[in-house]
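Novice: The primary structure of each chain is shown beneath.
Protein chains: 6
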Amino acid sequence: MTRFPVPEVPELPEDIQDRIESETEQAGFTPNVFLAFAYKPAQFRAFFDYYDGIIENSALSREEIELTIVATSGANDCLYCVVAHGALLRIYGDDPHLAEQVATNPRTAAIPDMHRDLCLFAEKLTTDPATVDDSDLETLREHGYTDEEIWDVAAITSLFNLSNRMAHIADMRPNKEFYTLGR
Amino acid sequence: MTRFPVPEVPELPEDIQDRIESETEQAGFTPNVFLAFAYKPAQFRAFFDYYDGIIENSALSREEIELTIVATSGANDCLYCVVAHGALLRIYGDDPHLAEQVATNPRTAAIPDMHRDLCLFAEKLTTDPATVDDSDLETLREHGYTDEEIWDVAAITSLFNLSNRMAHIADMRPNKEFYTLGR
Amino acid sequence: MTRFPVPEVPELPEDIQDRIESETEQAGFTPNVFLAFAYKPAQFRAFFDYYDGIIENSALSREEIELTIVATSGANDCLYCVVAHGALLRIYGDDPHLAEQVATNPRTAAIPDMHRDLCLFAEKLTTDPATVDDSDLETLREHGYTDEEIWDVAAITSLFNLSNRMAHIADMRPNKEFYTLGR
Amino acid sequence: MTRFPVPEVPELPEDIQDRIESETEQAGFTPNVFLAFAYKPAQFRAFFDYYDGIIENSALSREEIELTIVATSGANDCLYCVVAHGALLRIYGDDPHLAEQVATNPRTAAIPDMHRDLCLFAEKLTTDPATVDDSDLETLREHGYTDEEIWDVAAITSLFNLSNRMAHIADMRPNKEFYTLGR
Amino acid sequence: MTRFPVPEVPELPEDIQDRIESETEQAGFTPNVFLAFAYKPAQFRAFFDYYDGIIENSALSREEIELTIVATSGANDCLYCVVAHGALLRIYGDDPHLAEQVATNPRTAAIPDMHRDLCLFAEKLTTDPATVDDSDLETLREHGYTDEEIWDVAAITSLFNLSNRMAHIADMRPNKEFYTLGR
Amino acid sequence: MTRFPVPEVPELPEDIQDRIESETEQAGFTPNVFLAFAYKPAQFRAFFDYYDGIIENSALSREEIELTIVATSGANDCLYCVVAHGALLRIYGDDPHLAEQVATNPRTAAIPDMHRDLCLFAEKLTTDPATVDDSDLETLREHGYTDEEIWDVAAITSLFNLSNRMAHIADMRPNKEFYTLGR
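Chains as they are written, first to last, in the numbering used here: chain A, 1 to 183; chain B, 1 to 183; chain C, 1 to 183; chain D, 1 to 183; chain E, 1 to 183; chain F, 1 to 183.
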């Protein structure tokens, strides 16, 4: 993060130190997004609560969640999220080639049609939200997505429209580990 | 909200009922956004924690926060947020004509230049996030905004890029009271 | 009007003084557009003749005319016309909430489908005129609009594509009365 | 005009017949725009009054007026106006190559810088009216254009934003004579 | 060509001198594109080999090839190619009015539907290549175009997306002869 | 390549078989672009002659050439070129993280300013060619690029505007080897 001071972990509130520690243990390194958002502890908590709230309560598979995130972040040209969630997409999708395919253009990705339409829904809600209409929801329903799952796709897309913009402003850079994870 | 079921308040978790009750008391009516987000309690909590986290900890004035929200929501053509936060902008800006001016085009609003540039920063981060660069932050700094305030402007803009998209998907409609509040 | 001198009414040609007087009597104040266009009397006469020529000879209802104007002006981000014709839309549509709904996004306005498609036709002819084709006219015909009415919708949209641009250049600001008329 | 009935000249109001006759005499043929607009006599009168009002009272040269019209019509992809006013531009600009140059891209036209900036002003007011600001007017002033001339450039641009849209809707086709006039 | 030095023909490699000589004989003048590309002989050879390779081996008619080129170049606002290939389109299409019609807007050109869809395919592949999909190819197939012809339409469109950009950078200006050829 | 038949190598003209063989030896696999373009031998030869002609005769470093290609292909959302030339960029730039950075957004890539401006020049010439002007060339000159090098940057950008479109139409998919080369 080049534009704002990166806080020292030991000076952060305890709950935030705990979260950072647990993420670091799990990943083997501290993803930069945790240090960046810690600049404002209240926003840190709300952001990760939002993310956890979707992931822990959703009928969507984790692969579908990461597809949505990478399609959204690709449409917003957000390097941090393309690289960090690209790694998660490779892992949860169990396919070392998915990240570049979905981030560059979901239309030419080697994914099933229901996943392609999921990505295109995220792309449209990202780039032209005011024109999303019933026919867009209908397309997802025809693939078998329930209304609750559609809400969650929209919620993830919306959350990463927040996250992509914060990453741009903070100029967050992906940890080098993300580039190779899951390849 | 026409596309998803609106939950019955008495069936909601207690903390959410409490929040809805306190908002209803304060406003004299229940803003629809609280009922809509209650469809997913974890997302409800995270969204309002984010909003509270910015408002309660920011050096920005409440008028500046609402200017940022209305400029963002105008750029995204989001009816709910334009009308609901337009009302708050009239109140906190103490000017019955501000809402239409900022939502339609900050360039022709009767506001000081530092507020106009605040709105144009929010507009650019909304419509073309990947091209925001140091010169955009510099413009705000020249008006006296600190880096921490700039972070908060970006955080509000980003949060309403989330909120505007959820309002579109859920097809949230503003309560009729918002149209006249503060005129 | 901040960019060009506003003419003194008593120095204007008599027919223009008469028109301004009659508008002032009817509205209770002098709408700024009359003072602005009076800068060039020949253009003043032609502009209002055009407007009168459509309104007096059209099978469209006055509500439909104002819907078309507000949708067009919203698409062009024109403050003067959004506020002034927003007031007329509230009055002729007999609905205090129509203006913000149509100016922000006709897709989420509480209007019948035939009016929504009228607004979307105006929006397309405004933002992407070269791609309007037979299918767009057909959509209006299916709602029962005659070809002569479709011509008039196009004529109003076109006239306000003129008017919105003059309002931008002249930096016309709406009279404060328009903000509350019809609420 | 393929989408609306073309009126029979002898059935038109006398003043309109007179205007059509005088145009026909002057050009050697009847430009189709006169027949198309005659579909609605009140709009016919207002449109040509507007045009006459600018041309007869402007300090702009006729070449500058036609440059503005062709730049505007090129930006709107309007065939009728590109071809008909392209012919007038060749004549008033006394240059058989001007029409294609200005309609395709004023940046690469062989015209003086003050004319190029005139065309780019018309292009910006056409494609992105809400962002035209003082700096755009200043550019024209630096070339020596008076504020009254700038108003007229804006008025012509605005009138052809009306005219281009009516030509699209009516599907007006240029008379074959226009293609070769002035070459 | 105003931005790069124009090479002296006698100093060019012999094969390039030969090609220029033969083009000059055929046209009666030396089209400027040959002098411009000769700035880099290897690129000159490759560019014209590409062009020859399509024209000499394609089942498309020469009129269809020039329609594709003019539609592409119109979408890219490229003066050199609009004027030079506009002349070829008039000749091969045997119609003195085709060039302005196709360059300005294929939707309003007096051409058969199969040619209009050919032009709109070129336009879409030019302005929004990432969204071209099977349905676009299907539209051409329904007019009877074979897959090999569709490849060639795409190849011509792609080649002129190269050529239009080189013409912009080199600031190539059309020879005056092209403006009148074929009228 | 899913939309057109992939030719059998032994049935191709000998010079094309030779080229494919030599590429296969060098890379250890046959890059799909060679099989795809072989569908039309004359276009195959011209395309690779163009590419070779730039690479073999340019004062630009091979890293600068690949930066230009990846920036162009990222702007056009072209999967094949992003992945295949992303691999070459990692190799020639000797940096395993360059590909995602440049393809996603050159503004946030960890590259020197002269390379960033090179990429942004390619991006502008790709997405908005008609507005590239002298100031864009001047920016590159200020970094020390000669006019001949600027021509080559433009030539590479233009060639990949051809190539990206052919890859879209042919639906070329990158060989799996490219995803990991140079990491």
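Hints listed in this document are in silico derivations from the structure and should not be mistaken for laboratory results. Mixed in with the good hints there might be a few duds.
Since the list gives no way to pick out one identical chain from another, each pair is judged satisfied if it fits inside one copy or across any two copies.
[Claimed, not checked] Straight line, CA to CA, 25 Å or less: simulated SDA-like cross-link-like pairs of lysine to any residue:
1. 176 <-> 96
2. 124 <-> 97
3. 176 <-> 29
4. 176 <-> 91
Novice: None of the hints should be skipped; say for each whether it holds.
Specialist: Evaluated hints:
no.	hint	verdict
1	176 <-> 96	both (17 Å within a copy, 9 Å between copies)
2	124 <-> 97	within (23 Å within a copy, 28 Å between copies)
3	176 <-> 29	within (10 Å within a copy, 28 Å between copies)
4	176 <-> 91	both (16 Å within a copy, 17 Å between copies)
Comparing the model with each earlier hint shows no violations; every hint is respected.
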